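Generate coordinates for the entire structure from the input sequences, incorporating the hints supplied.
Here the protein sequences line up with chains A and B, keeping their order. Counting from 1 along the first sequence, just add 155 to a position and that's the residue number in my numbering. Counting from 1 along the second sequence, just add 3 to a position and that's the residue number in my numbering.
If you are wondering where the hints come from, they were derived from the structure by calculation, not from laboratory data. Since the model is a prediction, treat every value here as computed from it, not as a measurement. Where is the CB? At the ideal position from N, CA and C, for every residue including glycine. Treat the hints with care, as some may be off.
As the list claims (entries may be wrong) - The list that follows gives simulated cross-link-like pairs (lysine-lysine, BS3-like), each with its CA atoms no further than 25 Å apart:
1) K237/A to K33/B
2) K223/A to K377/A
3) K237/A to K12/B
4) K9/B to K33/B
5) K308/A to K377/A
6) K237/A to K9/B
7) K353/A to K64/B
8) K268/A to K377/A
9) K288/A to K353/A
10) K64/B to K237/A
11) K180/A to K269/A
12) K288/A to K223/A
13) K237/A to K62/B
14) K353/A to K308/A
15) K308/A to K269/A
16) K5/B to K62/B
17) K223/A to K308/A
18) K273/A to K377/A
Claimed, not checked - Which chain B residues stay away from chain A? Per the calculated CB distances, all over 10 Å, these:
19) D20
20) L44
21) I73
22) F75
As the list claims (entries may be wrong) - Computed list of chain A residues with no C-beta within reach of chain B, every gap over 12 Å:
23) D182
24) E195
25) F218
26) D362
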Amino acid sequence: MNRMLIIAASSDLSISYLESIKNDKLDIDVIVRDSSRIPENILSMIDEIHEFDLNDLESLNRFISTSKYSQIIFFQGIDIIKPFQHFNINDLSQTFNVNVLSIILLLNILIAKKYLHKEASIVIISSISGITKGTPGHVLYSSSKAALIGLVKSLSLELSRRSIRINCISPGLIQTESLFAKNNHILSNEEKLAYDSKYPLGLGKLDSLNGTIKFLLGTSSKWITGQNLIVDGGNSNI
Amino acid sequence: MKNQEKLFKIMCEVFEDIDTSSFTLQTEFKNNDEWDSMTALSLITILDQEFGVSISGEKIKELNTIEELILFINE
Numbered sequence: 156m157n158r159m160l161i162i163a164a165s166s167d168l169s170i171s172y173l174e175s176i177k178n179d180k181l182d183i184d185v186i187v188r189d190s191s192r193i194p195e196n197i198l199s200m201i202d203e204i205h206e207f208d209l210n211d212l213e214s215l216n217r218f219i220s221t222s223k224y225s226q227i228i229f230f231q232g233i234d235i236i237k238p239f240q241h242f243n244i245n246d247l248s249q250t251f252n253v254n255v256l257s258i259i260l261l262l263n264i265l266i267a268k269k270y271l272h273k274e275a276s277i278v279i280i281s282s283i284s285g286i287t288k289g290t291p292g293h294v295l296y297s298s299s300k301a302a303l304i305g306l307v308k309s310l311s312l313e314l315s316r317r318s319i320r321i322n323c324i325s326p327g328l329i330q331t332e333s334l335f336a337k338n339n340h341i342l343s344n345e346e347k348l349a350y351d352s353k354y355p356l357g358l359g360k361l362d363s364l365n366g367t368i369k370f371l372l373g374t375s376s377k378w379i380t381g382q383n384l385i386v387d388g389g390n391s392n393i
Numbered sequence: 004m005k006n007q008e009k010l011f012k013i014m015c016e017v018f019e020d021i022d023t024s025s026f027t028l029q030t031e032f033k034n035n036d037e038w039d040s041m042t043a044l045s046l047i048t049i050l051d052q053e054f055g056v057s058i059s060g061e062k063i064k065e066l067n068t069i070e071e072l073i074l075f076i077n078e
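Structure representation (C-alpha cells):
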C-alpha cells in the first residue's frame, strides 16, 4: 500500500534519502536515466526501475506503472552556469525540460492514469536560488526552480479534493559531489569560503534535507499543502 | 598564429566597454575596470566553447598577460 516513486533517483540527494529510509517498510520504484549510477546497496531496495531521460519529454509518455503511489519525490535539477548572454536555445530547453517540464508532464501522467493514492504526498525539490536569493551565472536555473513554486500552489488546489498534498522544499547550497565538480571548474577556494560565511548553520550536507522530506511525505504534515519550505541553514535570515 | 588571433577576438567579446583593440600579448587582461567575476565566467565559457579548454577560476587567477593565457591554451 505504501509505495513510493522517486524521480532522478541517482542524484546525490536521492541516494542520501534512500539510505535514510533503508529500514522503512516501503515499496520503492524509481525513474532514472542510467540505473548503473545507483550504488549496489541502494539498488537492492528498489522494486521497479524505469529508465528515462528527463530531457526527452516525449519518451515520458511511455511511463506505465502496475501500482499506485502514496509518496512521490522529484529530485531533478540541472544548472548550466554561464553569463546570461551566452545561453543558447539548447541550454534553455535542456534546463526547462529537466527542471520544470518533466515534472509537470510526469504529474500529468500520474494524475491522468490514476496512479496516485488518495492522501498521497508529493515533494518537489526547488532551490533558494530565484526564491530568496538571486545568483549571477545561474539565471536559467533560478527561473526554472522559481517556476516550481507556482506549480505547487495552483496544483495543490486541484489535488486537495482527493486529499493529495504537494509541496516544495527550497534548499540552500548543499555540498554535493556535482557541486564540487562544478566548483572546481569555476569557483576558487576563496569563493567556497565566502559561501560558508553565508550559512549560519554551515553549508548543507547531503543528508540535510532528509528529515524535511520525510516530514512532508508523512502524515505529520497532513494539513500542509501548496507550500514552499525553505531549508537553508539560516542563509535567508542574513 | 591562429589561436592568438582567435583569443584577441574573444577578448573583444568578453569586454563590452573597454577598448580591446589596443590589447597586445603583454596586456594584463584582468588589470582593468571591467574585469570582475562575470567577465571571468564569460571568458571561461567562451574558452570552453571555442577551444574546448576547461580553465578553472583558480587558474585564471594565476594568469596575468594574454601571452600567458595563450601558452595555457596551447598546452
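Which hints, by number, does the structure contradict?
-> 12, 14, 20
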